[in-house]
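> Now for the letters of each chain:
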Amino acid sequence: MWKSTCFAVALSLAATPSFASDTLKFEPDHTYALFSYSHFGMSRPSGKIMGASGTLVLDSTDPTKDTVDIALDMSTLSTGLPDFDTQLKGKDYFDVAQFPQATFKSTKIEMTGDTTANVTGDLTIHGVTKSVVLAVTFNKKAFNPAIFKTGYGFSATAKIGRGDFGVSKYEPFIGDDIELDIAAEAYP
Amino acid sequence: MIRSFLAAATVALALGATAPAFATAPAFAADTYKLEPTHTSVTFQWTHFGFSHPSGKFMNADGSVTLDQANPANSSVNVSFAIAGVATGVPALDKEFQEAAWFDAAKYPTATFKSTKVAVTGKTTADVTGDLTIHGVTKPVTLHVTLNQVGQEMGKATAGFTATGAINRSDFGIGAYVPAVSDKIDLYIEAEAHPAM
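As you go down the protein sequences, you meet chains A and B in turn. Residue 55 in the working numbering is what sits at position 55 of the first sequence, and the numbering runs on without skipping anything. So the working numbering is basically just the index in the second sequence, starting at one, shifted up by 188.
It should be emphasised that the hints constitute simulated quantities derived from the structure, not laboratory data. A virtual CB, placed ideally from N, CA and C, is assigned to each residue, including glycine. The reader is advised that the hints may include incorrect statements.
[Claimed, not checked] Not close to chain B: a few residues of chain A, all C-beta gaps over 12 Å, as computed:
hint: 1; residue: 25
hint: 2; residue: 43
hint: 3; residue: 58
hint: 4; residue: 60
hint: 5; residue: 62
hint: 6; residue: 69
hint: 7; residue: 97
hint: 8; residue: 128
hint: 9; residue: 159
[To be verified] Simulated crosslink set (EDC-like; lysine to aspartate or glutamate; CA at most 20 Å straight-line):
hint: 10; chain 1: A; residue 1: 91; chain 2: A; residue 2: 73
hint: 11; chain 1: B; residue 1: 283; chain 2: A; residue 2: 62
hint: 12; chain 1: A; residue 1: 65; chain 2: A; residue 2: 114
hint: 13; chain 1: B; residue 1: 302; chain 2: B; residue 2: 219
hint: 14; chain 1: B; residue 1: 344; chain 2: A; residue 2: 171
hint: 15; chain 1: B; residue 1: 283; chain 2: A; residue 2: 29
hint: 16; chain 1: A; residue 1: 105; chain 2: A; residue 2: 164
hint: 17; chain 1: B; residue 1: 302; chain 2: B; residue 2: 250
hint: 18; chain 1: A; residue 1: 130; chain 2: A; residue 2: 176
hint: 19; chain 1: A; residue 1: 149; chain 2: A; residue 2: 29
hint: 20; chain 1: A; residue 1: 108; chain 2: A; residue 2: 62
hint: 21; chain 1: A; residue 1: 140; chain 2: B; residue 2: 371
Next up, chain B with everything else stripped away, as it sits in the complex (with noise of 0.2 Å):
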């Protein structure tokens, strides 16, 4: 699907077909985006004895986000993301996670975010404090976020955004090897949002 994207617009940019694609690009005024999944990820790090940061990631998000420009007070996010899809690079370890010591995936099998509040900190910052379900528990939990471009990407309207977080795993009821392996877990969040059809 990457492969099929970038080729398309390759062939796209060679023949000059970006200005027709600027001229049907849609208003920026309270836009839904849909999130798009190969591009939107959740890494989540840990210390392991302090000795180094193991991370793990999630990807396959489904969900969108409204931006308002014009009052980015007034945006949201809503997000899901299946448990199933964990990877932190060891493959018994993916498996070990969805087990009932971890996410327990058969009873839970979805993260989910919904913003409740955005407060504005900077021309491209803002602080989205909403609930973070995990493990069937739910929390309030502030993600720094930076609008990094809302733009075009080879033609299509795009939105990009990074946030930061931090969580401690035990709120959630994972609190399995706490403390050798740390409780705090940081979070790195990537996300494209392409305007909803």
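In isolation and in its complexed conformation, chain A is listed as follows (with noise of 0.2 Å):
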């Protein structure tokens, strides 16, 4: 996949999308959170969550207008050790056959800088929603080769407490807070 769409710029030099919409949606493979936590202080061990859809509304003139509704597949969790995924996935922690979502909906922006912004919103993990800002970085804005495209980029950062999404299992042994790192692609 990785190498096809690479490849598929040669093949695709006549296809440009117009602009007409504001519209992006978040590209599932260049989109992820990163969750990390600290293991008694020793190390910090992280996880991956992908499977982004949703969209991203940039408003022409005004960016603290822009809204972001995007949901992360649970089902997607990595770890890079198996039969750890499966047991974030099961029921003392994520549960995700009942909550296989994990979503974020905007509610606020207040630009910080020039290519910064805070984005407060409403996220929803294992079913419970609270409000959360994250730190938002405007990384680029350009037209993409590997799929004709003129996409946007960015990084986030955010900290959560587990505990306040009731995935509070083995606290305070392992810790409860949690911090992500966020990246996302989006296109029209």
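Both chains come to you apart, so use the hints to assemble them.
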């Protein structure tokens, strides 16, 4: 897939899309949320959730009117340890059978710099919704020759408490504080 | 395994079993530790056309650390990761990374790092230079290592480390799609190790 998208460049030089709409779709192969936590202060294990779907609506004049509505597919959770993935998807943690998606819907955007903003929104994990602030950096708007579309790239960070979302197994031995590192690409 | 470890540790704590565990803790003088495969990771991150920073991870480390706390410059590390275990979160990409255009795992099934020099840079930090072998190519690389903690983790002697470094993948003969997919790869390493039996 990776290879084929790159090679598709050569084949699709005539197919420029129009930009009538400011509604972009998140690109699932380059959008993820990486979570990490402290393991007894010894190390920071991490896992990644992908499978993004959803939209980013960009206002052509006022970025504080942009909106984000994204869902991640919890079944994609990967830590690099397949057995641990199965545990984390099970009832003791994310209970993915019952809560297959994590979602974020923005409610407020405050610019904090030329390319940075605090995006407040409703984050739903494990069926529990809490207001969370994402510190977002806009990395780039450019033509992506691999898919022949002009797209947008973002990075974001956030801190949440997993207990707030009812995922508190083994607290306090395994920390409550979860750091999120988010990457996103969005295209028309 | 993680669950049973945690369950055992929780029970041990509940029973007040930490004191005897501390009493039997080994001495920490040039001890040899075995890296714990489930809590040792190498995360590698690149830039995708400048849009985003995708990443992948290797787990299941096979290796050891010799930690000389009295004379840290005498410490050493020797570790190997199986390329087959790569996890990017994109199964198709995990598969593609095994192919000849990338890691060529059939020919070069492991990546290894063997330290050659430890230069202490602070109370808990050191620059660890070593021979990194990926894709059959060996280059010297310096990792900036922080010793997070040496102590007890649920009654088990543990040393925890974090390290960072950067390499150019083309140096290792993995130059596909440079520069659209960046040549520079940032490395973020987490490690836990327990005294070798």
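> None of the hints should be skipped; say for each whether it holds.
Tested hints:
| no. | hint | verdict |
| --- | --- | --- |
| 1 | 25 | holds, 14 Å |
| 2 | 43 | violated, 4 Å |
| 3 | 58 | holds, 15 Å |
| 4 | 60 | holds, 20 Å |
| 5 | 62 | holds, 23 Å |
| 6 | 69 | holds, 19 Å |
| 7 | 97 | holds, 18 Å |
| 8 | 128 | holds, 23 Å |
| 9 | 159 | holds, 18 Å |
| 10 | A:91 to A:73 | holds, 16 Å |
| 11 | B:283 to A:62 | violated, 42 Å |
| 12 | A:65 to A:114 | holds, 15 Å |
| 13 | B:302 to B:219 | holds, 17 Å |
| 14 | B:344 to A:171 | holds, 18 Å |
| 15 | B:283 to A:29 | holds, 14 Å |
| 16 | A:105 to A:164 | holds, 18 Å |
| 17 | B:302 to B:250 | holds, 12 Å |
| 18 | A:130 to A:176 | holds, 15 Å |
| 19 | A:149 to A:29 | holds, 15 Å |
| 20 | A:108 to A:62 | holds, 13 Å |
| 21 | A:140 to B:371 | holds, 18 Å |
Violation of the numbered hints given earlier is confined to hints 2 and 11; the remaining hints are satisfied by the structure.
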